[in-house]
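Take a look at the letters that make up each chain.
2 protein chains.
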Amino acid sequence: MQENRVNLSEREIPRQWYNIQADMPNPLKPPLNPGTGKPLQPDDLAPVFPMNLIEQEVATERFIDIPEEVLEKLLLWRPTPLVRAYAMEEYLGTPAKIYYKDESVSPAGSHKPNTAIAQAYYNKVFGIKRLTTETGAGQWGSALSLGCNLFGLECKVYMVRVSYDQKPYRRIMMNMWGANCVPSPSEDTNFGRKVLQEDPNSPGSLGMAISEAIEDAVNSEAARYSLGSVLNHVMLHQTIIGLETQKQFASINEYPDVVIGCVGGGSNFAGIAFPFLRDKIEGKEVELLAVEPTACPTLTRGPFGYDFGDTAQTTPFLPMFSLGHNFMPPPIHAGGLRYHGAAPLVSQLVEDELVKTRAINQLQTYEAGVTWARVQGMIVAPETTHAVAAAIDEALKAKEEGREKTILFNLSGHGVMDLSGYEAYLNGKLTDYSLPEEDVEKSRELLSKHPQP
Amino acid sequence: MQENRVNLSEREIPRQWYNIQADMPNPLKPPLNPGTGKPLQPDDLAPVFPMNLIEQEVATERFIDIPEEVLEKLLLWRPTPLVRAYAMEEYLGTPAKIYYKDESVSPAGSHKPNTAIAQAYYNKVFGIKRLTTETGAGQWGSALSLGCNLFGLECKVYMVRVSYDQKPYRRIMMNMWGANCVPSPSEDTNFGRKVLQEDPNSPGSLGMAISEAIEDAVNSEAARYSLGSVLNHVMLHQTIIGLETQKQFASINEYPDVVIGCVGGGSNFAGIAFPFLRDKIEGKEVELLAVEPTACPTLTRGPFGYDFGDTAQTTPFLPMFSLGHNFMPPPIHAGGLRYHGAAPLVSQLVEDELVKTRAINQLQTYEAGVTWARVQGMIVAPETTHAVAAAIDEALKAKEEGREKTILFNLSGHGVMDLSGYEAYLNGKLTDYSLPEEDVEKSRELLSKHPQP
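Same order as they appear, the protein sequences are chains A and B.
Counting along the first sequence from 1, when you hit position 181 you're at 181 in my numbering, and nothing is skipped either side.
Counting along the second sequence from 1, when you hit position 227 you're at 227 in my numbering, and nothing is skipped either side.
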């Protein structure tokens with residue numbers, strides 16, 4: 001009988017995160033103050049983030065110790081299994097081996113708690129009592145609620161009102177972990193009150209929710225803001241995914257030819273890919289593939305430049321691929337991939353051609369998700385279907401070439417709380433979206449007016 | 001660092017199920033034909049179940065081989081982890097060790113697929129093309145959809161209409177796995193049409209849905225009916241849970257003092273308890289504890305006698321504890337525990353005082369569920385909170401006694417698709433239910449009119 005699962009014992013869990021800033025051929029460009037156009041100083045961020053996380057943001061040492069207190073919480077579900085999808089290989093009739101790293105087994109159902117727990121810990125030891133954040137569909141809000149709960153911090157989540165009303169389950173999950181989740185725009189901030197005064201029925205937006213969460217944090221000495229993707233320290237915390245995977249592959253004398261992850265902000269991709277990217281930089285042959293929706297083709301079609309991280313222009317200029325901070329992606333169901341930019345680290349590595357990119361249309365991703373569920377059993381998140389679709393593509397290519405390729409993808413989350421997209425697909429109600437060239441042209445124009453990296 | 005998880009390698013997965021009928025001090029009483037009062041013959045069941053499962057129902061050999069084809073599908077998620085809840089032990093300040101067997105990791109989120117997959121397989125090799133079943137909240141319907149999908153059978157699920165309307169996610173899950181799920185009463189059966197003619201807005205009931213599913217199966221040569229609990233072969237298929245757990249404990253030189261499971265029909269309890277019960281019958285000191293809601297106290301207060309398995313009186317008389325086939329339990333949120341009877345095997349073992357029982361009130365179970373989520377991270381199913389509450393009780397008793405006790409419970413399912421009960425609890429909207437003595441008296445009267453075991 002064949003073994004599907006490669007388990008790592010808890011004793012073997014990585015004790016350090018991997019910091020790719022130590023190994024990048026071209027170092028990251030600094031974030032800029034949008035007012036002065038000058039590089040941001042650590043102190044500029046002090047009202048928003050605790051200094052220990054700001055230090056991690058700019059750290060350049062190759063490995064950073066994972067605190068014992070963080071490890072202890074991660075061990076509630078880590079190490080996660082590396083699994084070989086024999087059934088899918090057989091279904092596709094491919095000579096390729098398909099492996100996935102199962103990040104869906106966390107209490108919140110995705111990879112997000114890896115950084116939520118670390119961020120809650122660093123804020124706690126810095127003396128912070130309360131974290132604020134925004135959330136769209138609720139994945140990040142629930143992860144941060146869990147992290148705060150495990151370290152005894154208060155957590156305030158501003159949830160986009162339309163999701164708050166339509167997706168009550170994620171909100172209840174946040175309440176389970178003791179968080180205070182309010183619909184945004186809310187009456188709790190000046191910005192929220194102003195929006196509500198103009199439009200009492202505003203459905204909210206992620207940009208508005210970010211503005212509320214930041215305003216709340218900077219106006220309170222004991223509070224800070226927390227972000228679930230994009231930033232360097234978030235990518236760092238997620239590298240435990242790839243570091244575990246490397247140990248698991250080593251235990252069976254395997255190594256992947258291609259490593260695949262979906263990209264919204266970039267954290268689950270960075271988490272699985274960066275440790276392998278280090279090998280690549282050192283000369284190892286391995287391909288890293290970032291997959292995004294054609295509806296929001298940041299890495300495949302967007303320009304590389306300086307842009308705001310949020311719609312409301314509250315963040316510094318970040319050096320990244322971006323469709324423009326004012327870009328409004330079509331309403332695809334993979335909400336976590338509807339981000340106009342991509343993490344500066346991921347962007348720089350794409351710019352340097354160390355990471356390959358691919359955009360996949362919505363129907364193909366849902367088809368891949370349904371096939372996965374019917375062959376492997378598990379229902380994956382709409383975001384994760386992008387990685388599944390790319391893995392299937394690679395396996396079919398290997399079949400054509402008659403090549404025994406080893407494919408790895410990050411199964412970043414389960415989909416049992418996000419079934420409505422699948423329902424629409426099964427009922428033939430989903431459509432593909434392809435971004436018109438004129439929209440890409442607009443983003444080029446916008447970024448050309450900002451400072452150039 | 002302490003290890004939380006005891007993993008079993010796939011090579012070590014049990015190759016046989018354990019059949020407790022081989023070891024019971026008092027053999028099971030036979031099911032009776034309600035018309036004649038005479039023991040049922042295997043052929044009587046042939047229109048409802050395939051003969052290979054009927055043979056398993058009456059088998060008395062101690063071990064029954066698990067077919068390779070079934071093992072291969074179970075390996076998609078099995079063996080499941082045995083986990084030590086260090087964080088909860090520390091939180092409670094108890095000298096007890098708390099272990100749980102995590103059955104929530106299956107694609108459907110509970111232990112139910114263990115038997116769904118076996119039943120689909122046996123029907124398939126018997127030449128059956130289509131299975132029918134009923135489902136309330138959708139746990140069993142989704143598990144059988146998965147099982148049928150993996151073996152290429154059609155699956156028709158009659159889902160109680162009020163749940164069909166209120167809980168669309170479980171229905172979509174069934175569709176994901178290719179099943180046809182219709183609200184019951186439906187236009188697809190004589191019984192359903194009759195009900196709808198009398199009341200076009202009937203909310204349906206589990207009893208009605210069973211009647212529709214059985215009518216559909218017996219009227220079609222290529223179809224059979226499938227049940228997710230109560231029957232002997234269902235208990236048999238679930239014993240893989242306890243058999244794996246025994247191997248996992250052996251690998252760390254541990255053995256439980258008490259084994260806990262919640263009981264609705266009885267299958268998750270039987271699954272974890274029966275292999276340990278064999279040890280007990282052979283003289284080992286171990287306590288088996290079946291936990292039920294005070295709102296539906298079948299084992300703790302119901303009489304032991306012959307009763308129908310369903311409200312609509314379509315089944316044979318089964319020898320079991322029962323609150324009466326017409327008993328309507330209060331609307332507690334643990335829908336899977338709202339069954340008027342209990343599996344004949346579990347009932348006989350309770351009657352023989354080999355299994356202890358305990359009823360727990362709704363508020364205590366939700367309090368336990370919230371505590372579990374905040375300390376251990378994971379959100380468990382409302383049914384499972386009964387086992388969690390009993391495990392916490394046992395751990396606190398051990399603390400009082402200063403005793404280093406080893407506690408094991410079956411974490412039968414996750415709760416991320418059943419959060420509304422938690423929301424009601426957190427908002428102070430849940431109440432306790434205790435069954436009035438006159439209701440228990442009514443069930444004694446009813447069962448006294450049936451044949452006596």
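Wrong hints could be hidden among the right ones.
Each pair may be met inside one copy or between any two copies, as identical chains are not told apart.
What the hints assert, rightly or not - The calculated SDA-like cross-link candidates involving lysine to any residue, where the alpha carbons are at most 25 Å apart (straight line), are:
hint	residue 1	residue 2
1	K124	G178
2	K129	L196
3	K29	V162
4	K194	R374
5	K97	L71
6	K124	L92
In case anyone wonders, no lab produced these hints; they're calculated from the structure.
Remember, it's a predicted structure, so these values are computed and weren't measured experimentally.
message = Cα distance capped at 25 Å. Does K194 pair with R374 within a copy, between copies, both, or neither?
response = So K194 and R374 fail the 25 Å test inside a copy (48 Å) and across (35 Å) alike.
task = Can you give me the call for K124 and G178, within, between, both or neither, at a CA distance of at most 25 Å?
result = Within one copy, since 16 Å is at most 25 Å while 47 Å is not.
message = If the cut is 25 Å between Cα atoms, do K29 and V162 qualify within a copy, between copies, both or neither?
response = neither (36 Å within a copy, 57 Å between copies)
message = With identical chains, the pair K129 and L196 could be close in the same copy or across copies; at 25 Å between alpha carbons, which is it: within, between, both, or neither?
response = neither (28 Å within a copy, 58 Å between copies)
inquiry  = Checking an output row: K97 and L71, CA cutoff 25 Å. Within, between, both or neither?
reply    = between (31 Å within a copy, 21 Å between copies)
key: Intra/inter-copy verdict for K124 and L92 if alpha-carbon distance must be at most 25 Å   = between (48 Å within a copy, 23 Å between copies)
Going down the numbered hints, you'll see the structure goes against 2, 3 and 4, while the others check out.
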